[in-house]
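Undergrad: Taken in sequence, the protein lines are chains A and B.
Heads up: the first sequence at position 23 corresponds to 22 in numbering that gives the first Met the number 0, and the numbers run straight through without jumps.
Heads up: the second sequence at position 3 corresponds to 2 in numbering that gives the first Met the number 0, and the numbers run straight through without jumps.
Wrong hints could be hidden among the right ones.
[Stated by the list, open to error] Restraint-style ranges between C-beta atoms, simulated for each label pair: (1) Ala68(B) <-> Glu34(A): 40 to 46 angstroms; (2) Met0(B) <-> Leu109(A): 35 to 41 angstroms; (3) Phe185(A) <-> Arg21(B): 42 to 48 angstroms; (4) Ala191(A) <-> Met0(B): 33 to 39 angstroms; (5) Leu109(A) <-> Pro3(B): 30 to 36 angstroms; (6) Arg104(A) <-> Met0(B): 26 to 32 angstroms; (7) Leu105(A) <-> Thr7(B): 33 to 39 angstroms; (8) Ser152(A) <-> Val24(B): 36 to 42 angstroms; (9) Val24(B) <-> Leu5(A): 34 to 40 angstroms; (10) Val32(A) <-> Leu6(B): 28 to 34 angstroms; (11) Ile23(A) <-> Met0(B): 17 to 23 angstroms; (12) Gln45(B) <-> Val176(A): 34 to 40 angstroms; (13) Glu39(A) <-> Met0(B): 32 to 38 angstroms; (14) Met0(A) <-> Gln45(B): 43 to 49 angstroms.
These are calculated hints, taken from the structure and not from any lab test.
Think of the CB as a built atom: it goes at the ideal place given N, C-alpha and C, for glycine as much as any other residue.
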Amino acid sequence: MRKIALLVPLAVIAAGALAVLAEIPFGDRKGEVGEYYLREGRDQTGAVNIITSVVVGYRGFDTLGEVTILFTAAVGVGAVLKFAKKSGKDTGYRPSSLILRTGCRLLFPLIILVGAYIFLHGHLTPGGGFPGGAVMASAWLLVYLGCRERRISARAAGAVESASGAAFVLAGLAGLVGGGYFLANFLPCGVAGTLFSAGIIPVIYVLIGFKVGAELAGIIDNLLLESG
Amino acid sequence: MILPVLLTAVMLAGALAAAVFREPVSAVIALGLVSLIAAVLFYLLQAPDVAMAEAAIGTGLTTAIFLIAIRRTEGGG
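Start from the sequences and build out the full structure, keeping to the hints where you can.
TA: Pasting the structure below:
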């Protein structure tokens with residue numbers, strides 16, 4: 000009986016979703032704003048990667064909100080785990096083999112390098128602060144799985160995270176002073192397609208990369224080491 | 000054209016498996032498979048930005064965090 004009662008609202012939701020999705024012209028370019036971004040994005044923001052010009056240029060304020068959500072989530076994980084039982088010892092830990100440890104040490108800088116590349120070239124090639132930071136955090140995950148005697152300093156991760164978050168807001172305020180509105184692109188755009196172009200966009204993406212990387216690595220650290 | 004259809008079928012099977020499996024670890028692995036195929040599909044649909052984020056966060060970090068959480072709760076035994 001309960002299952003049948005559940006099926007009715009599910010069917011209603013499915014019908015509603017279907018009715019809405021059927022109306023969306025997938026693959027069609029209908030929105031004028033999309034056309035505008037594609038036409039003007041490169042000249043207005045200097046970023047060759049149009050997605051970056053939208054995420055950090057036109058919709059930079061939304062990105063600040065997104066970063067704040069991630070920050071809140073990380074704080075929440077930390078708070079929940081702080082209240083959980085805390086033995087302080089890292090149980091279930093067994094030193095890994097020489098091959099695993101050597102492999103970790105070899106791969107760690109390479110993964111960090113790839114992550115840094117992804118967010119440094121966010122305005123030129125696909126990717127940006129969020130994937131770059133996630134790749135960097137996955138390098139830390141590898142360290143925690145492979146050679147756990149090395150760990151990120153929670154204090155350093157917190158410092159990097161708050162410093163880059165504050166710098167993001169400061170960059171926005173600098174835009175307010177230099178360009179007239181919050182997160183205005185007040186730096187010269189340079190030649191589109193080169194590394195030092197697109198003004199404030201690469202700066203913000205580097206900050207987001209560090210912030211996301213430090214946050215996610217901090218979550219992994221919290222989860223694996225706070226208690227066992 | 001055949002590749003996206005095939006991938007979507009595997010993805011649906013993975014999603015179904017994630018819902019049906021009783022063992023939490025198996026369900027999480029199935030969920031990771033769904034994310035992985037989603038990343039490949041994003042790439043095939045010419046959205047490399049999203050594909051990159053999905054591969055790094057969806058497949059890598061989320062799966063790892065789920066597994067750690069399972070190990071630390073009752074589900075891991």
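Undergrad: Next, verify each hint and record whether it holds.
TA: Hints, verified against the model:
no.	hint	result
1	Ala68(B) <-> Glu34(A): 40 to 46 angstroms	holds, 44 angstroms
2	Met0(B) <-> Leu109(A): 35 to 41 angstroms	holds, 36 angstroms
3	Phe185(A) <-> Arg21(B): 42 to 48 angstroms	violated, 57 angstroms
4	Ala191(A) <-> Met0(B): 33 to 39 angstroms	holds, 35 angstroms
5	Leu109(A) <-> Pro3(B): 30 to 36 angstroms	holds, 31 angstroms
6	Arg104(A) <-> Met0(B): 26 to 32 angstroms	violated, 44 angstroms
7	Leu105(A) <-> Thr7(B): 33 to 39 angstroms	holds, 37 angstroms
8	Ser152(A) <-> Val24(B): 36 to 42 angstroms	violated, 31 angstroms
9	Val24(B) <-> Leu5(A): 34 to 40 angstroms	violated, 27 angstroms
10	Val32(A) <-> Leu6(B): 28 to 34 angstroms	holds, 31 angstroms
11	Ile23(A) <-> Met0(B): 17 to 23 angstroms	holds, 21 angstroms
12	Gln45(B) <-> Val176(A): 34 to 40 angstroms	holds, 39 angstroms
13	Glu39(A) <-> Met0(B): 32 to 38 angstroms	holds, 34 angstroms
14	Met0(A) <-> Gln45(B): 43 to 49 angstroms	holds, 48 angstroms
Hint check: violations occur at hints 3, 6, 8, 9; the rest are consistent with the structure.
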